[in-house]
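Line by line, the protein sequences give chains W and F.
Take any residue in the first sequence, note its place counting from 1, add 12, and you have its number in my numbering.
Take any residue in the second sequence, note its place counting from 1, add 12, and you have its number in my numbering.
FYI, nobody ran anything at the bench for these hints, they're computed from the structure.
Among the clues, some could well be false.
A pair counts as met if it fits within one copy or between any two copies, since identical chains are not told apart.
As the list claims (entries may be wrong) - Below, simulated DSSO-like cross-link-like pairs (lysine-lysine); rule was C-alpha separation at most 27 angstroms, straight line:
hint : residue 1 : residue 2
1    : Lys-207   : Lys-636
2    : Lys-560   : Lys-547
3    : Lys-204   : Lys-636
4    : Lys-204   : Lys-567
5    : Lys-626   : Lys-636
6    : Lys-55    : Lys-204
7    : Lys-204   : Lys-547
Protein chains: 2
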Amino acid sequence: MDPIILAVIAGVLGLAFAAFLVIYVLRQEQGSPRIREISAAIKEGAMAFLRREYQILAIFVVVVAIILGLIPHLGWWVSLSFVFGALCSGIAGFIGMNMAIRANGRTAAAVQKSLNQGLRVSFRSGAVMGICVVGIGILGLSILYFAFHGSVDFLKIIPGFGFGASLIAIFARVGGGIYTKAADTGADLVGKVEKGIPEDDPRNAAVIADFVGDNVGDVAGMGADLFESYVDSIIATMALATVAVMAGLATETTAWYLPMMIAAGGIIASIIGAFLVRVGEKPEMGALLNALRRGTFSASILTAGFAALAIYFLGASWGILWAVFAGLIAGMLIGESTNYFTSYNFGPTRRISEASQTGAGTTITRGFANGLMSTLPPIIFVVIAILVAHHFAGFYGIAIAGIGMLSTLGITLATDAYGPVADNAGGIVEMSGLPPEIRERTDALDSLGNTTAATGKGFAIGAAALTSLALMLAYTQAVGIVDITQISLLHPGVVAGLFLGALMPAIFCSLTLNAVGRTSFAIINEVRRQFREIKGLWEGEARPEYGKCVDICTKAALREMIVPGLMTVAAPIIVGFVLGKFALAGFLIGATATGFLIAIMMANAGGSWDNAKKWIERGNYGGKGSDAHKAAVVGDMVGDPFKDTSGPSLNIMIKLMSIIALVLAPVLINVTGIFG
Amino acid sequence: MDPIILAVIAGVLGLAFAAFLVIYVLRQEQGSPRIREISAAIKEGAMAFLRREYQILAIFVVVVAIILGLIPHLGWWVSLSFVFGALCSGIAGFIGMNMAIRANGRTAAAVQKSLNQGLRVSFRSGAVMGICVVGIGILGLSILYFAFHGSVDFLKIIPGFGFGASLIAIFARVGGGIYTKAADTGADLVGKVEKGIPEDDPRNAAVIADFVGDNVGDVAGMGADLFESYVDSIIATMALATVAVMAGLATETTAWYLPMMIAAGGIIASIIGAFLVRVGEKPEMGALLNALRRGTFSASILTAGFAALAIYFLGASWGILWAVFAGLIAGMLIGESTNYFTSYNFGPTRRISEASQTGAGTTITRGFANGLMSTLPPIIFVVIAILVAHHFAGFYGIAIAGIGMLSTLGITLATDAYGPVADNAGGIVEMSGLPPEIRERTDALDSLGNTTAATGKGFAIGAAALTSLALMLAYTQAVGIVDITQISLLHPGVVAGLFLGALMPAIFCSLTLNAVGRTSFAIINEVRRQFREIKGLWEGEARPEYGKCVDICTKAALREMIVPGLMTVAAPIIVGFVLGKFALAGFLIGATATGFLIAIMMANAGGSWDNAKKWIERGNYGGKGSDAHKAAVVGDMVGDPFKDTSGPSLNIMIKLMSIIALVLAPVLINVTGIFG
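If we strip away everything but chain W, and leave its shape as in the complex, we get (with noise of 0.2 angstroms):
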């Protein structure tokens, strides 16, 4: 029997348990009139922009399926590869998404009866997403394999696959990440600073815009985020797959069946993982993130051991177990310190609040420079887990270790995906007008979902680092370089490439920030002029426009989605058939290593600016209202698109120009550039 056929069933099993908790979810009440509407309001939204998104990036995907096809080192074959990627991508978010946007309003309606029966809709719906996310992508690369396998060309065609997929997460990430961003910060900007009303106030003109932000951004754009992550790194791997076979490690069908095995086992591990993630009915939150944990870290075990059954039943060398391992705890251990820099519970976050009371200036500074120094555990683990995976397994290692950090995703973004569900159902509880005990629990339920979502981001930052440097590792490969002295540290191409790769996640970073920063301007304006223009709505007599809002953002998101992703599919194009091949691995080393330092830079400092308001709001150094809150609030602000629209993309940033190298490299290998 071929193994893939293992992958196949953890795949299918997946899916099914995912179609088990939809049934679930679906089958809880919908809520009083008032909720369904506003549920309505939020899905009309939602479903608009993700149809006028994939519209756009349909165009996309048809132009560069038929550039793959025409050039002739490629062809029609890879071009298969990349839209069915770009296709799985696009049905993962559309699921994902699907599930949120229905589980809104039916965690408000069931957080009325109890915070755990709250808890268990919102968890629910996550994992729909998370399990469908890994089990869509393993179903996806079985598929090509079982088509493939036989030909020649198996190794250019998967990476097809890898590049659809990150091409469809680039646009969703960004596009998502601005429209959540802009709609975020305009809302709070008249809402909570100049009016004084407080969030989610059914006045504010912006706020469906809000709630659909979070469901296109938080949900949507991070499955397929998430989604690329996972098949990349299996990609990266098989790609690897004959440096595996000339460091004597296994055979190259072993080395492509073990990244699916590994993976196909974090599935089954993640599956097991979900149901041990149960509290009795005492709604106590420690309770409940110790269950999560419990989940999380019972799947990394199994994973584990799943990871030993397929080496030891496929004959691969023990080294690669090693190489697991060093994926799988530098995972946790990055999880862990971004929970510590991040979380109001320890001294960094603590120290942002109490800066703020100097004012909001002293407030960036403080978590500005926790971001900084937040970037050295990660960065510290990372290189570790190169050193173990390649000490025992090689460059294939480095792959290996990817995939361990990344095996246990179905959980992992499971508790990631539920937190803007409860965000929204708390937004919808407010709105309602429903008393302000129902609104507490789904703040706890939202608390909780930003630990556990800070956790996960800075494990997908980890993983990103490995997966992209793989990547490049296969570029390498790939495009036949033998002779290593030409991507030297002594090769000026290499140094030009590497001083011009540091500069992307820079100027990336920077095109986000402003698009947020343009589009959030739009948004108050247009909330102003509501609150100047509508007669009664400061009264509440009036009913604002929410439509105008969420007509801005979803134009304003698409349209400042192209700049930022076209530059990054265009930049490593450029460098390779303008500069050269060895120029461009230098080009994706320097990128990486920004790209890593600044993501986690952003994430971090975003998330405790996040936290240090919410430490002062528990009453600590004036409480709510207080001018430290006020300060606060403005590191929040700045905070956010850095912790969600830019910080996050440059994850897949990386990624996506460490495989367009790749699916390239059978043209740039004939390529002569400036440096040959």
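Once you've looked at the hints, dock chain F against the given chain W.
Same frame as chain W, now just chain F:
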């Protein structure tokens, strides 16, 4: 005749010119008793700081010197050279600061006569430091040359001088930077933000500390910084002499002469350029700026001419001249791009002012995005300079390009160093209760200084990147990396080193930002305490205890400079001995890439926040006191440590790590780390 005699002549001429300027400045009137009193307080505080700083540094220097002397492959001559470098750097900073603290009050007196007289006094005092830095630098290196050029250890001994200069520079820049920005933001936060009193109001207890900070940070710190850049660029070129011989560009002695000759030509060119900085008696700022530009531009042209002469008479390859051009032109273009991104005459800074209308959050985001985008032109220009220089003159050419960029330092540093003098003069005018039109004149001088300082900072960063790269290349030669596959991107140690190197600037910035934050927090509390406890202070009937704030800043700055400084020294040693010499090469290039990127980002973000505030103060978006202005003040406060503490220190940091690697090369060549 040994051509180095010409370098000695240039150095002596420079010092004679400086002496002439000193006499001119000292002959000026010292002003009213009140001005003298304030000047005396500044002088006292600044000298006390410098004395204590040098005492601490002396201990470091002695300890390092003993260690260097005891290391078998280095020995006492290297140790002596190191001490000599430290001494020269200390003297250059000392002279510059001594001049500045004497010129402050004299400028305040002169500006009462006319704006033009104010410019003359302040510019000439700045020129003293500019010319002293280059004069002492070239004389110091000439002395070492005559003492050791016959010795086989010449290329071991010379880097010791750079190490000494770098060690002083990092502590002076970091210590001075913490001092000046802690005092500045502390004074502003209580004075301007909380109490609503003008800048430099005599009731503010931190105001004298603020003046002292300008002198110890912006003058003494910057002098040590650029002294280091200057000598390191020459040393890096000398160390690459054997590469030049191999490439058939020049004989070994010619390859040593050339950097000294180009630098000597730059000194003469700078003196001539300084003479060209003349305007009529009409106080027109546009004319003044043009005069400064005429000076620097003429100096550049002359330097190119001198370089051509040197190449012709020494019989070296003309390719080297192209490398000089590449550096000179790239330096000027970087200066222009810095001006574009930081001056309020252009869109980027004005858009930050515009964003201030919606609060501090948008100010920060816009400015940060602007800083990120501003990294694009300098990195592109440096990459082009590297490629051109390498194409025409190999690795030696890259080092030569660094010299080309820095050769006109004498005059560019003069335009930079006069800024703090004008700034302090303005403060003294304010404190002495002189009429507002006098203050307007010093503000005009200050504003001109800001423009030229921004340009100067840009090219200093560019030069640092080239010098650091050249030092890294020299290191690889010195450590005997003959088989360049050893520093391939496919070497796991190189990749690990690269990631760790990329991390260093982030940690360094985090430490320095937090140091400023902690110290200004202490200052804020002290100023608040004095307002609360000293009777009659608010009414202007009692004087604050200025000395207390000076004392807090002095102690804190000296304490806080230790960790970042030591970390910078320790990191390359640990990487070299633990991970090995190949990993260290990766480490250096990683640190150079991110250090360059972050330094530009911080310098330009800081500069543009500062000027965005100034643009509002000129009456735009509501002018002074408006909400937009308040938001812009927050931006400026965040930007201050960015542009004057963390950002500029990174220049030194990357060069210091590279030169330590070069100094230790004779030892590391025999070390077997984890990666050989």
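Structure-based check of each hint:
In this assembly of identical chains, Lys-207 and Lys-636 lie within 27 angstroms of each other by CA distance both inside one copy and across copies; the values are 15 angstroms within and 23 angstroms between. In the homo-oligomer, the alpha carbons of Lys-560 and Lys-547 lie at most 27 angstroms apart inside one protomer (17 angstroms), although the nearest pairing across protomers, at 58 angstroms, exceeds that limit. In this assembly of identical chains, the alpha carbons of Lys-204 and Lys-636 lie at most 27 angstroms apart whether taken from the same copy (11 angstroms) or from different copies (25 angstroms). For the homomeric pair Lys-204 and Lys-567, the shortest alpha-carbon distance inside one copy (25 angstroms) is at most 27 angstroms, but the shortest distance between copies (41 angstroms) is not.
Taking the shortest Cα distances, Lys-626 and Lys-636 sit within 27 angstroms of each other inside one copy (9 angstroms), while across copies they are farther apart (32 angstroms). In this assembly of identical chains, Lys-55 and Lys-204 lie within 27 angstroms of each other by CA distance solely inside one copy; the values are 25 angstroms within and 49 angstroms between copies. Proximity of Lys-204 and Lys-547 under a CA criterion of 27 angstroms is satisfied intra-copy only: 21 angstroms inside one chain copy versus 40 angstroms between copies.
Against the hints set out earlier in the document, no violation occurs for any number.
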